[in-house]
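*Asks:* Listed below, chain by chain, are the residues.
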Amino acid sequence: MSAQLAADDRAESIRMIRDSAAAVAPPGGDTKRIRALRQTLPGFDAAVWRQMGEFGWIGLRAPEALGGAGLGLAELGALAEELGGALAPEPLVAAGISTALLAAAGAKAELASLLAGETLVLTAWQERADTLAAPGTPDASRMFIPFAAGASAFLLPVREGAELALYWQPAGAGLSTEYTYDGGHFGTLQPAPARKLADDIGAVLEQALDDAALATSFYLLGGAERAFAMTLDYLKTRMQFGKVIGTFQALQHRAADLKMQLALFRASVEDAAAVVDAGASGAARQAAISRAKVRAAEGAMLITRQCVQLSGGIGYTDQYDVGLYLRKAMVLANQYGSAGLHRRRFMATAPEGEE
Amino acid sequence: MDAIRIPPPAELDALDDEHFRQVVRAFLHTHYPEELRNPPKRLHWSENKPWYFKLAEQGWLCPGWPKEFGGLGLSPSKIIILTEEYERYGVARCNDHGIVMLGPLVIKYGTPAQQQQFLPKILTGEHIWCQGYSEPNAGSDLAALRTEAVLDGDHYVVNGQKIWTTLAMDANWIFLLVRTDKTAKKQEGISFLLVDMNTPGITVRPIINLEYHDEFCETFFDNVRVPKENLVGQLNKGWDMAKALLSFERIFLGSPRQSGYALSRLKLLAERMGVYEDAVFQESYVRLRLEFEDLKALYETYVAKLKRGESLGPDVSMLKVIQTELFQKITDCMLEIAGENAGLLEPMEGNRNLNATGQFIQARPASIYGGSNEIQRNIISKNVLGMPG
Ligand SMILES: Cc1cc2nc3c(=O)[nH]c(=O)nc-3n(C[C@H](O)[C@H](O)[C@H](O)COP(=O)(O)OP(=O)(O)OC[C@H]3O[C@@H](n4cnc5c(N)ncnc54)[C@H](O)[C@@H]3O)c2cc1C
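Line order of the protein sequences matches chains Y and B. All residue numbers for the first sequence refer to this note's numbering, where the first residue is 1 and numbers rise by one. All residue numbers for the second sequence refer to this note's numbering, where the first residue is 1 and numbers rise by one.
Rather than coming from a laboratory, the hints here were simulated on the basis of the structure. Heads up, the beta-carbon is just placed ideally off N, CA and C, and yes, glycines get one too. Incorrect hints may have been included.
Said to hold, decoys possible - Derived, one-sided and incomplete: chain B residues facing chain Y with beta-carbon distance under 8 Å:
no.	residue
1	Gln58
2	Ser134
3	Leu210
4	Glu336
5	Ser367
Please construct the entire structure, taking both the sequences and the accompanying hints into account.
*Replies:* Here it is in structure tokens:
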């Protein structure tokens, strides 16, 4: 197959994924479902989760031999972007970490029910705020687990000598939850490893967290795009001083600035996905993802903040959808590493520019 | 602490500044309700009235009003000290529209009868005020307001709708801008009217904001009869007074209150997150601190003008923009260093001093209310710099 054909196929598969996303994230759909799920537990819809399983989304990146679709980050990114535009609260990105670990551990049965959306397996790896490191301290409580109240089981990385072993912990005990600003929640889990699944998953986890950072960046991109589109409509219809406010040059320039930020945002995350899909590894892979996550964290916050500002009083209401995107950005901007963390990592991993 | 004697209100302005600071600390230590420190959200009247009444009882309610009207008549530097100490202690903001806006307006433009009728009741907490300016189609273009007042015998009959009325559900009086002449140019047919919210025909509907808080309202007026002596100033001259009042609002919004509070909590958050010593954090922190100190110096020059009895020019808009944008930069920084805590709904670890998300959300509308920062920049470029157009 020629390179051109391969690229065309790729574009076609991404287009199909975007189309199929409309089943859960209808373009121009309202936010009624999203609003009704806020500050409830588990905060997502189990039927929609199963539907995502049926569509093959949960296993989008899992190997075909294990029941997945074997697709790349560009495909996952496109899907996450659509879901972000619709603010879908289902745990696709978080579950992606677990699918990678279960696949590596060869835990076929556990993986199959997760890919079908019959269960939700979440990875409880984090022991403090703003980190990508999973020390696997046996008795340290695991924090900031999104969607935790909906988990059927947790995957627990546990340090054993030089290795990071993986344990299975059924849900039920030792979990407390705390609501987040978008209406979701974080769980804190007391470790109680029940069954060992693998001896050493350190490298797989590291890569899976990076993939989650990039998928989150796409989700944020979708949200920023949608918030900006709504705001642009508002600028073109809201009247003050006998004119549409979009005629004021100060606001035109602001909108132009935001458009430029969105262009950089998209270029950055799509480029990172291409780098990963082309097989980059090690420092090059990390640098590309860090670059994208810095852009995503800062871009999403900047754009959604400005959208609130440009909407005036109504932008500060709960009832107006633009604010939902700001709140979502607050929760996701620092997940899988803040801009500060990724800036530091970029400097540590990126090849120096040519002199 | 307790060794410091708190002098009677009339003597406060004569203290030297450092002594005054000690007095304020002792005052808060003695009188401020512990459970109201660092409220995560703006408090409603039912929650903050113990403090309002305490201030009223001690004569400390209106620091900036002249003494002859029951204020403390404090100097600019003392007002800044007072603000600093309140913020350091985490003192809640009162329902302060009467103190900050309506009071100074009535002092400046009210008749002696109006001064006697309204000022004492602000000082006792009997009247809680809210501000009824904005309407659905008259926000930045406030002069386009349509709520009208038509004279009928001894009363004005008011019909229309206000929106974004902060804490209207708590207030028993509202000051309104109303249209009293539909034929005149839009700025020339507006009057300033004081309305008892218990008058039949008023409906208040709370609106939930981005903080999930019912802080502002829609306020509807259906044939509301208002005694005609409640008009302040001259008929159809309300716009000029409103502009003057907006400059009181802008100097209030330009005071280092919010950014001072946020800056001190940024430091606590940075310490808790273990980044305070970090060179990257220090670089941002010192920039914010320097800007804060300069803002304070600028603010002081405006308070001094007021104190000398000069009126404020359009350049007070600069103060509002600088303060609110600094407040926003500080709270942006909070989220940047908070890690995943930047997404929490409640203050981190139940500690109200570590309320990064609450502070961040509260900073958002600061560039919208009191005249948006875009409008302030228009004012600066046209009315201060004389740009054409
Ligand atoms: C938290 C909060 C509390 C409030 N409390 C009160 C209150 O107690 N009483 C009261 O009366 N009002 C209150 N307001 C209302 C506030 O004054 C208005 O929201 C504000 O004046 C903006 O009006 P608007 O919301 O209609 O926005 P719009 O005027 O529709 O503005 C939308 C956007 O367009 C921009 N814009 C408009 N015109 C121009 C222009 N000519 N050039 C450049 N940009 C422009 C604005 O800056 C804004 O970004 C409050 C608002 C908020 C958010």
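*Asks:* Evaluate each hint against the coordinates.
*Replies:* These are the hints, each one checked on the structure:
| no. | hint | in the structure |
| --- | --- | --- |
| 1 | Gln58 | 35 Å, violated |
| 2 | Ser134 | 7 Å, holds |
| 3 | Leu210 | 5 Å, holds |
| 4 | Glu336 | 6 Å, holds |
| 5 | Ser367 | 6 Å, holds |
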